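Enquirer: All chains should be modelled from the sequences, with the hints used to inform the complete structure.
Residues per chain are reported as follows:
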Amino acid sequence: MFDFFNKLFKPVQPSGATAKERLRLVLLSDHLALAPDVIEALKRDLLVVISRYVEIDGANADVTFEHREGEVAMLASIPITGVRPRTRAESPTESNGVPRFEPQTAVLESRALDEPQQPELLAPPQDAAPVQPPITASPAVAAAPGTAPRRRRRRKSAAAKHAPPPAKQFNASAQA
Amino acid sequence: MIRAIDEPSGAAENVPPLGRAIVITSGKGGVGKTTTVANVGTALAARGARVVLVDADVGLRNLDIVLGLESRVKFHVLDVLEEKASLDEALVRDKRNETLYLLAAAQTREKEDVDTAQMKALIETLRARFDYVLIDCPAGIEMGFKNAIVGAQHAIIVCTPEVSAVRDADRVVGLLPNDWRPELIVNRLRPQLVRKGKMLSVDDVNGILRLPLLGVIADEPNVIVASNRGEPLALDPTSETGSAYRAIAAKIAGEDVAAPVVREPSGGLFAKFGTLFGGRG
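Chain order of the listed sequences is Z and W.
The first sequence: position 65 = 65 (the working numbering), numbered continuously.
The second sequence: position 114 = 114 (the working numbering), numbered continuously.
Some hints could be false.
[Unchecked claim] Calculated cross-link-like contacts (lysine to any residue; reagent style SDA-like; alpha-carbon spacing at most 20 angstroms): (1) W:K120 x W:P17; (2) W:K198 x Z:A19; (3) W:K196 x Z:T18.
I should point out that these hints are in silico values taken from the structure, not numbers from a laboratory.
Quick caveat, the model's predicted, so the values are computed rather than measured.
Expert: See the structure below:
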């Protein structure tokens, strides 16, 4: 009974709008199916971000897309193998089976994703502004990631350039 | 914008500039590719350009019917490729336009019978003799499609305001060479349905495809009447659709043409007057 009234008073969407929505979804789904390299890059980035918080089994992770009624959904199945210590870990390295985080957004357009990763090009993921040369050259950054597990994201402040004491660095990143 | 001649005339001084080969394609069948080829070709020829229409839909010959030339076809594309007939024997001159020619498709053969390299060479030969080579592409994205695009430098996508047609058009655009910039003709638009929200609008279609808009053709009964008679509407000076085809031809020829507007056929009395005075049943 309720259903009947619901149907009676529910505003009917003109079929043109329905067509537009169906078209949007079907093309979304088509384009995802046609872009395996983009999906691969997305999966890679996803694993890196998640592995900052939990330890994961990257080799057995699976990312798929499902075309549902009214939406296209991304489904990620990523086995978790352990929990990271409370302090947020440094960018993970390849040693735990997960690649380092390198933002792929710029690369997605060119679809050139198979290039080997270059550690010296590694930039802090959330830094939208270009990395300043003095920082890249600073001894703190030149050290391979993972060798100083307690070090946090570098700041672009002048203080960071001169390798400030750990306490100060900790405060700086806490604001981030 | 398409130009009549875009190629440099080559190293040798006496090599004539090549014409432009344009493939008309859509992915989906039944959206009006053949009608578009016939009308745009007719309109281009009516402007004085030398035009050849190549029916690449091997096995399903149709372009001759739409042009009303079916009784004049003696040889077809494959006869030329297999040297059973010369190009001049196979080219059928249009009844109305002296500068318009048709190269018909083989009716009893298959698309796989066409050699891609030979097809490319044939289109090149035609480009040396004509200002425009319009290629009517078969539906689908298989061999027939590949043979139809192999000699072309440009594509016109024909799409109707339907979900399936837009999806296929999107797929076809992805299969064309990367450096092409295909243009779009939205075919069979019904403005009154769009106004009522019952049909995808030109903006809806092109919001997805994002191609330069070459023209919009209304879904009007006279298109069917013209097809029945084998007389392309592009030659009918009283037809708004004919005028839309002529505008497309002008745009292809490099003229600045105003953005296409499809007027809603006025209902009631006014429409009846229109039929009385101008329309042809």
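Enquirer: Are the hints correct? Go through all of them and say.
Expert: Evaluated hints:
1. W:K120 x W:P17: holds, 17 angstroms
2. W:K198 x Z:A19: The hint holds at about 9 angstroms.
3. W:K196 x Z:T18: The given pair, whose Cα atoms are some 13 angstroms apart, holds under the 20 angstroms limit.
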